[in-house]
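For chain A, the structure is supplied; the task is to place chain B on it using the hints.
One-letter residues, chain by chain:
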Amino acid sequence: MRYDDVLGLIGNTPLVGIHELSPNPDVRIFAKLEGQNPGGSSKDRIALKMVDLAEKEGALAPGDTILEPSSGNTGIGLAIVARRRGYRLRVVMPENVSVERRQLLEIYGAEVVLSPGEEGSNGAIRLSEALAAAEPGLVRLFQYGNPANPLAHYETTGPEIWADCPEVDAFVAGLGTSGTLMGVGRYLKEHKREVQVVAVEPPSGELVQGLRNVADGFVPPIFDPDVLDRKFIVRPRESIEWLRRLLDECQVFAGISSGAAVAGAAKVAREMDAGTIVTLLPDGGWKYLSSGAWTDDLDEVVERATKINYW
Amino acid sequence: MAVTVRLPTLLRVHADGAATVDAEGATVGEVFGELTSRYPALADQLVDGNGGLHKFVNVYRNDDDIRYLDQLDTKVVEGDTISILPAVAGG
Chain A
1 MRYDDVLGLI
11 GNTPLVGIHE
21 LSPNPDVRIF
31 AKLEGQNPGG
41 SSKDRIALKM
51 VDLAEKEGAL
61 APGDTILEPS
71 SGNTGIGLAI
81 VARRRGYRLR
91 VVMPENVSVE
101 RRQLLEIYGA
111 EVVLSPGEEG
121 SNGAIRLSEA
131 LAAAEPGLVR
141 LFQYGNPANP
151 LAHYETTGPE
161 IWADCPEVDA
171 FVAGLGTSGT
181 LMGVGRYLKE
191 HKREVQVVAV
201 EPPSGELVQG
211 LRNVADGFVP
221 PIFDPDVLDR
231 KFIVRPRESI
241 EWLRRLLDEC
251 QVFAGISSGA
261 AVAGAAKVAR
271 EMDAGTIVTL
281 LPDGGWKYLS
291 SGAWTDDLDE
301 VVERATKINY
311 W
Chain B
312 MAVTVRLPTL
322 LRVHADGAAT
332 VDAEGATVGE
342 VFGELTSRYP
352 ALADQLVDGN
362 GGLHKFVNVY
372 RNDDDIRYLD
382 QLDTKVVEGD
392 TISILPAVAG
402 G
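Chains A and B supply the protein sequences, listed in that same order. Those letters in the first sequence? Residues 1 to 311, by our numbering. Those letters in the second sequence? Residues 312 to 402, by our numbering.
To be clear, the hints were calculated from the coordinates, so they are not data collected in a lab. Careful, some of the hints might be misleading.
[Said to hold, decoys possible] Here are the computed distance ranges between Cβ atoms for each label pair:
1. GLU249(A) to SER348(B): 42 to 52 angstroms
2. ALA354(B) to GLU118(A): 40 to 50 angstroms
3. PRO221(A) to ASP327(B): 34 to 44 angstroms
4. VAL388(B) to GLU194(A): 40 to 50 angstroms
5. GLU194(A) to LYS386(B): 46 to 56 angstroms
6. VAL388(B) to ASP4(A): 52 to 62 angstroms
7. LYS386(B) to ASP164(A): 31 to 41 angstroms
8. VAL388(B) to LEU247(A): 35 to 45 angstroms
9. ASP296(A) to THR320(B): 25 to 35 angstroms
10. GLY58(A) to ASP327(B): 50 to 60 angstroms
Every residue, glycine too, gets a C-beta built ideally from N, C-alpha and C.
Bound conformation, chain A alone (with noise of 0.2 angstroms):
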């Protein structure tokens, strides 16, 4: 393998088989492992197409800045393409987003600024809204608006799993912005229509403030509710304890959400008779050391995971 440029590394990640976890014996369940990108998470892929798109349409020029609310991931990715490409950066993160997510933007050369992070994801989007209404030279991509988003999914992500596991049944990830859900689900549907495409969210609203009626909530408007088969919400407690799962019996390191993902395979698995599940795994465990998500007490964990945004 020979890349001009790291921007080459993105994509074409594994997929790994992590039966063990499989409560069907008749049910097989694949992992793909986005950790292997080289910002270390699946947002690799959508930083490069918003970027490739907003150049291509001219929206961005040499030494403009970009502005994008990002729990971390995002923000990473845009952070590599962004220098690679001669952009500046500047992240709106929420304050209680793991350690290290920070410190990789940082080393990145991104310039971060911090939102309340009792208001989650909505407290950055809304920062970032008012700081670009301030500086209208700001260059937004808008990861939760941006049609790139799940267009990198639909062309890179989806083909691969296609290429891959041509006998997936069922698809399950993380909601997030619904990009990945909608462009693998879109394409996978494509190609075989009676796939299961499964979304889990972590219970986010239940912690979230600064919401006075529901009408402040939020949907990305890139989500279209119809790629969806079914969606459940899995606790912090049951995430921690299957990416434990994860990494005892499968040997496995991943990111938190993933312990989620992992979760839903696994619920979806016990209600099929038999076939192959492929689950998404959006990044490596190296950003979460600090939660203690392996080590540490589980109730502890459990406890952290209601203050701090690992997803």
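Chain B only, in chain A's frame:
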């Protein structure tokens, strides 16, 4: 059917501060009907003008989003938990 309804922080102000409320009904819609007859201010927060689920509210029967079950017609049985959460940005 007696079910437990979990309210998010945001909506507790409309339900005398309660975090959970027990209510009766055979479907989520019926449970919401009883809930909103007791706490009328909740109505605007749960359903839209057409009687459908409010766009920015997610409702779960035992953690499964009812939009992918039978929406407000989703059946409930004794002991189920219905969780209401505001839709917020993730990722």
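Results for each hint:
1. Distance hint for GLU249(A) and SER348(B): a CB-CB separation of about 50 angstroms, consistent with the stated range 42 to 52 angstroms.
2. Between ALA354(B) and GLU118(A) the beta carbons are some 27 angstroms apart, a value that contradicts the proposed interval 40 to 50 angstroms.
3. Restraint check, PRO221(A) to ASP327(B): a C-beta distance of roughly 36 angstroms satisfies the suggested window 34 to 44 angstroms.
4. Roughly 29 angstroms separates the CB atoms of VAL388(B) and GLU194(A), a value that falls outside the hinted 40 to 50 angstroms.
5. The beta-carbon spacing between GLU194(A) and LYS386(B), approximately 25 angstroms, falls outside the hinted interval of 46 to 56 angstroms.
6. Checking the proposed 52 to 62 angstroms range against VAL388(B) and ASP4(A) shows it holds: the Cβ atoms sit about 60 angstroms from each other.
7. Against the hinted window of 31 to 41 angstroms, the Cβ-Cβ separation of LYS386(B) and ASP164(A) comes to about 39 angstroms, which satisfies the hint.
8. VAL388(B) and LEU247(A) have their C-beta atoms about 37 angstroms apart, which keeps the hinted 35 to 45 angstroms range intact.
9. Separated by about 27 angstroms at the C-beta atoms, ASP296(A) and THR320(B) satisfy the suggested range of 25 to 35 angstroms.
10. Between GLY58(A) and ASP327(B) the Cβ separation comes to about 56 angstroms, which falls inside the hinted range of 50 to 60 angstroms.
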